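Number of protein chains: 2
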Amino acid sequence: MPNAVSFEHVTDGCFADSIGAGGLTRAEFEPLLAETGPALAALRASELPLLKLPARRDDLPAIEAVAARMRGLDEVVILGTGGSSLGGQTLYALADASKKPRLHFHDNVDPHTFDVLLKTLNPARTGVIAISKSGTTAETLAQLFVLLKWAGGGQRFVAVTEPKDSTLTRLAKAHGMALLDHDPGVGGRYSALSVTGVLPAQIAGLDVVALREGAAEVLADPAAAAAGAALAVALWRHKGATQTVLMPYCDRLATFGLWFRQLWAESLGKNGAGTTPIRAVGTVDQHSQLQLYLAGPRDKMYSLMLFDCANEGPVIDASLAKEVGYLAGKRMGALMDAEGRATVATLIRNHRPTRVFRLNRLDESAMGALMMHFMIETILTAHLLGVDAFDQPAVEEGKVLTREYLGA
Amino acid sequence: MPNAVSFEHVTDGCFADSIGAGGLTRAEFEPLLAETGPALAALRASELPLLKLPARRDDLPAIEAVAARMRGLDEVVILGTGGSSLGGQTLYALADASKKPRLHFHDNVDPHTFDVLLKTLNPARTGVIAISKSGTTAETLAQLFVLLKWAGGGQRFVAVTEPKDSTLTRLAKAHGMALLDHDPGVGGRYSALSVTGVLPAQIAGLDVVALREGAAEVLADPAAAAAGAALAVALWRHKGATQTVLMPYCDRLATFGLWFRQLWAESLGKNGAGTTPIRAVGTVDQHSQLQLYLAGPRDKMYSLMLFDCANEGPVIDASLAKEVGYLAGKRMGALMDAEGRATVATLIRNHRPTRVFRLNRLDESAMGALMMHFMIETILTAHLLGVDAFDQPAVEEGKVLTREYLGA
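Respectively, the protein sequence lines represent chains A and B. For the first sequence, position 171 (counting from the first letter as 1) is numbered 171 according to the numbering used here, and the numbering increases by one without interruption. For the second sequence, position 201 (counting from the first letter as 1) is numbered 201 according to the numbering used here, and the numbering increases by one without interruption.
For reference, chain A alone in the conformation it holds in the complex:
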C-alpha cells in the first residue's frame, strides 16, 4: 500500500483573507462546494467504469503478456493521439528512459517526422502499439499503414481498441497483430489508468498496481477534488478567472500538464462554457510567462505543483560558487525548491488566486493519486457548469471535412 497521503492540497491562496480582492469570500465558495456533495454521491453510486479501474487487477495478466514480449525489443513506437497517447506519455516520464526498450510516442502525422522515424529505427528490433478506441482514428490508421509496410508485417505489432468489428480490429487480424481490449466505457481522456497508460507503463517496468492504489486513495477521499472544482467555478464566476494555469516545478510532471490540458478542455469546452487550461513548467516559465501572470490581466487561477526536492540533485561546489553565497554548497534541488516557494509567495503578494499541490514524493502511487484527483475535479467542475464531462461533439465537423478534402 502507498502512504495514505501522497500530496497535500493547499488552497488558502485562493481566498480573500489571504490575497485580498483577488480572492474568494467563503460565501462565494461554500455554496459551490456544497453542490459537489450530491454530485459526488451520485458519481459514487454510478456504474462509471473509470471508478472501478483502481480496484481492478483482472485486466493485468493480458497486458503483462504483451508487455513481456515488447520488453525484449530495443524500441517501442506508440501510435495514437489525444487520450490514446497522453496518459502513456505522462506515466513514461517516471521511467528510466535510458533503459531498453525505449518508448517513442507519436501522436502526429507530420510527414517529415515519419521520414526521420523510418530512417532511424530498425524494424527487426522495434515493436509498434497502435491505440485507437474507436478503431477508426484517421491519424492512427495512417501511421499504422505506414509502419506495417515498413516492418513487412504485424508480428511485433499490438492493437489496442474496443472489442468490436472495426478497421483496426480487421487490420490486426489480417496482419497477425496482438489485440488488447480498450474498455468501451472509459473515454480516451479518462483512460490513463486503463490499458492505454498501463501497457506503456508495464513495458517500462513501472509499478502499475501502485499506480492504481494511488488512484484508489483519492477515490476513498475525494474532498480535495471537490474543493478544487468549487474553487475553479467560484473563481471563474466571481473573479473572472477564464484561464487555469497548471505549473509543476518538476520536469517529470511536464507531460502531466499536457494530459491535464486535454482532460480539462475536452470535458468542459462546450455550450460556450469552459475555462482554458494552460500548461506551464517551473522554473522555466518564470522566464517566459511569469511577467504576464504577475502583472497582466487578473483572469487566471494558478495551481502550482511543488515537489519536496531540496535535498536532491548534484551539489553546487562551495569553492566554485563562492561568490554566489546563496548557492554555494547547496544541492541543485534547493534552488528548484526555493524558486517554487518564491513564485507562490509572489503570486499571492500580487493578489493572484493560487493553490499548491505539495507532493511528498513522485512515484507511481503519487501519479495515480494526482490523475484521479484531476479526473474527479474535472467531472465535478463539469457538473457545476452544467455540461457533459464525457462527450466531445464539436470535433466531428473537421473530421468530415478532412475526408472531403482528401477525396477531392
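If you are wondering where the hints come from, they were derived from the structure by calculation, not from laboratory data. Don't take each hint at face value.
[To be verified] Label pairs and their calculated CB-CB ranges:
#1 B:Gly153 / A:Phe390: 51 to 61 Å
#2 B:Ser98 / A:Lys52: 37 to 47 Å
#3 B:Asn122 / A:Glu8: 37 to 47 Å
#4 A:Thr136 / B:Ala41: 40 to 50 Å
#5 B:Pro38 / A:Pro31: 51 to 61 Å
#6 A:Phe390 / B:Val209: 45 to 55 Å
#7 B:Arg358 / A:Val400: 50 to 60 Å
#8 A:His104 / B:Thr25: 42 to 52 Å
#9 B:Val5 / A:Gly325: 49 to 59 Å
#10 B:Asp181 / A:His104: 33 to 43 Å
[Claimed, not checked] Cross-link-like lysine-lysine pairs, in silico, DSSO-like; alpha carbons within 30 Å at most:
#11 A:Lys173 / B:Lys322
#12 A:Lys100 / A:Lys173
#13 B:Lys119 / B:Lys100
#14 A:Lys322 / B:Lys100
#15 B:Lys100 / A:Lys99
#16 A:Lys164 / A:Lys119
#17 B:Lys173 / B:Lys399
#18 B:Lys149 / B:Lys164
#19 A:Lys149 / B:Lys119
#20 A:Lys239 / B:Lys399
#21 A:Lys100 / B:Lys322
#22 A:Lys99 / B:Lys149
#23 A:Lys119 / A:Lys99
#24 A:Lys100 / B:Lys119
#25 A:Lys164 / A:Lys399
#26 A:Lys119 / A:Lys52
#27 A:Lys399 / B:Lys239
#28 B:Lys149 / A:Lys322
#29 B:Lys149 / A:Lys119
#30 B:Lys119 / A:Lys99
#31 B:Lys149 / B:Lys399
#32 B:Lys164 / B:Lys399
#33 A:Lys149 / A:Lys52
#34 B:Lys322 / A:Lys399
#35 B:Lys173 / B:Lys119
#36 B:Lys100 / B:Lys149
#37 A:Lys164 / B:Lys322
#38 A:Lys149 / A:Lys399
#39 A:Lys119 / B:Lys322
#40 B:Lys99 / A:Lys119
A quick note: this is a predicted structure, and the numbers were derived from the prediction, not measured. The C-beta atom is built at its ideal place from N, Cα and C for all residues, glycine as well.
Following the hints, complete the assembly by docking chain B onto the known chain A.
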C-alpha cells in the same frame, strides 16, 4: 537570396464579412492599423539593435570560430533559460538531430534531470555553452557550477554574456572558457537572430546568413506584422479575445510556439494589459483543445501555420489501406495538409476569428522571416496597448525571495 516571400498572411477569417458576428468590421480594424504606421516609422528611424541584426555579418566569424570547435564533439549542452534558450531550441528544430554533435538545451534546474544528465554524457566528448545576458542568472550559474565540477574544468566550455564584469565573465576567465559577447542592446526574447540563436544554429550546420536574410525580407516589408498587431488589439478590444492561439501544423514549429509564447507574454503582460499566448500543435491538439476552441467561450483569436506538405512523407500503401479509401495511395503529408485546412474551415464556420500563415517552405530563411514577423508584430502590439515591449519588471520580486529562502 531567399525567395521574396516565404509565407502568405491570410486574414479574411478575422473579419465579419467572412465569419459573421465573431469577426471585426473594417471600422474596428482600420484605425488601429493606421496607428501602426507612425509607430513603424519611428521604429525604423530608431537605432534599435534588433533591426540592425538582419544586415550584420561582422559578428559571424567569432561565432563560427567557437562553433567549429564544438562541431568536433559528440554532444553540446546549452545552459540558459527563457530568451537564452528558446531561440536556439526553435532553430535547432530545423537541423538533423541524428547528426553529431547532438544539442541538448537545459533550461531548468530540476535535480533529477541533472542527475540523469551527468550519468548519461561523457565529459570528454561534451561541450557546454552557458548563456546569460546579465551574467548573473541564478539557474544558469547553478547549472554551470555543476557542469564545471563534473567536467573538471572549462576547456570545452563557452560563456555567452554581455561584455562587462559579472559572475559569468569572471568564472569564464578563471576556468579558461571561451567568451562570446551578448549584445547589451538586444533583450533575451528578441535575441534569436543574435549569438544566442546563431551559435547553436551554426554548430548544427544551419545557414545563419539565410536566417538573417529571411528576417531582412520582413523588415523590408512589415505590412503583415502591422496588420497582425492591429488584428490582435482590435479582436481584444471589440471581441473579447483575451487569448491568442498559435497552432502550427508542423512538428518542427512546435518549439516556435514556445518561443512566441515568451515573446508575447513578457512583452505585453504589464499594467494589467496583455493577452495570453497559447501554444498548440496540429494535428495533435485537434484531439485535445479543438473541442474548447470550437464550442467554448469566444475569447480567443487563432493563428494557424500551414505548411504545404501534401506531397511529403511516406506513401500510405493503397492495398493495405484499401478499406480507408480517402487515405489509400496518399502520402502522409496529404492527411496533415487536409486536416490543417479542415480546422481552418471549421473554426471559420464556427465564427472563430482565424488567420493563416501559409508557408511555402520551411528552411532557415522562412524561419528568419517568421521570427522577425512576430517580433515586429509584438512590438507594434505593445505600442497599441501603451506598454513597454522591452522590459519585464514584475519578475524581480521572486528572484529576491528565492535568494532569501536559500539564505535562510
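Contradicted hints - numbers only: 4, 7, 14, 16, 19, 21, 26, 29, 33
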